[in-house]
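*Asks:* Take a look at the letters that make up each chain.
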Amino acid sequence: NAGVTQTPKFRILKIGQSMTLQCAQDMNHNYMYWYRQDPGMGLKLIYYSVGAGITDKGEVPNGYNVSRSTTEDFPLRLELAAPSQTSVYFCASSYLADEKLFFGSGTQLSVL
Amino acid sequence: KQEVTQIPAALSVPEGENLVLNCSFTDSAIYNLQWFRQDPGKGLTSLLLIQSSQREQTSGRLNASLDKSSGRSTLYIAASQPGDSATYLCAVESGGYQKVTFGTGTKLQVIP
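If you read the sequences in order, they're chains S and P. Using the working numbering, the letters of the first sequence map in sequence onto residues 1 to 112. Using the working numbering, the letters of the second sequence map in sequence onto residues 1 to 112.
In silico DSS-like links for lysine-lysine, alpha-carbon gap of 30 Å or less:
no., chain 1, residue 1, chain 2, residue 2
1, P, Lys1, P, Lys107
2, S, Lys57, S, Lys9
3, S, Lys44, S, Lys9
4, S, Lys100, P, Lys1
5, P, Lys99, S, Lys9
6, P, Lys42, P, Lys107
7, S, Lys44, P, Lys1
8, P, Lys68, P, Lys1
9, S, Lys100, S, Lys9
10, S, Lys44, P, Lys99
11, S, Lys57, P, Lys42
12, S, Lys57, S, Lys44
13, S, Lys100, P, Lys107
14, P, Lys42, S, Lys100
15, S, Lys14, S, Lys44
16, S, Lys14, P, Lys42
17, S, Lys9, P, Lys107
18, S, Lys57, P, Lys68
19, S, Lys9, P, Lys42
20, S, Lys100, P, Lys68
21, P, Lys42, S, Lys44
22, S, Lys57, S, Lys100
23, S, Lys44, P, Lys107
No lab work stands behind these hints, which were simulated from the structure alone. Fair warning: this is a prediction, and the values are worked out from it, not measured in the lab.
When you get a sec, could you build the whole thing from the sequences and use the hints?
*Replies:* Written as structure tokens, this is what we have:
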């Protein structure tokens with residue numbers, strides 16, 4: 001089992017560029033999440049999904065978009081990147097709500 | 001709004017010592033509390049999850065307790081080892097499923 005796989009691990013973007021962070025899980029989990037982690041701050045939820053075709057906003061969704069066309073994949077799209085989006089991004093999954101979260105290894109993104 | 005606090009931000013102990021990490025939260029109406037370990041440049045690994053109806057959970061040398069009425073949880077690590085060096089985060093799920101609030105973590109260093 002690979003668990004939760006995120007790509008890329010590192011990326012540098014210029015202001016105004018766009019990119020997609022990939023996330024895939026092979027545990028047949030229903031719930032998937034995107035978090036960002038800023039230095040000295042707790043993780044913040046960007047978007048989440050409770051199943052294929054269903055997504056909803058988290059605490060800090062502005063500047064991001066997601067889709068969930070399959071159970072396995074949950075890509076995060078950054079449109080018109082801004083320096084405020086410099087962060088470490090984590091994808092996570094769980095089988096159901098109220099259960100353990102499984103995290104990917106993260107994507108470190110710098111917007112310059 | 002739920003707030004999660006972890007004090008101290010950093011802790012250094014000699015190998016073999018038993019230690020306690022603290023987590024406090026402001027809203028006692030929680031679904032669960034989860035303790036994670038994060039190694040540098042890596043994702044989070046769930047260590048223990050305590051449901052709101054439970055008082056504690058144990059896994060190997062780790063024991064986590066939950067006191068909802070006082071808004072506190074502790075993670076007890078017995079016979080600490082250098083391999084336990086990492087940042088430990090707690091997170092509470094409250095105010096609706098998928099609403100997980102993370103603390104900023106305690107960075108633990110176990111000195112050989």
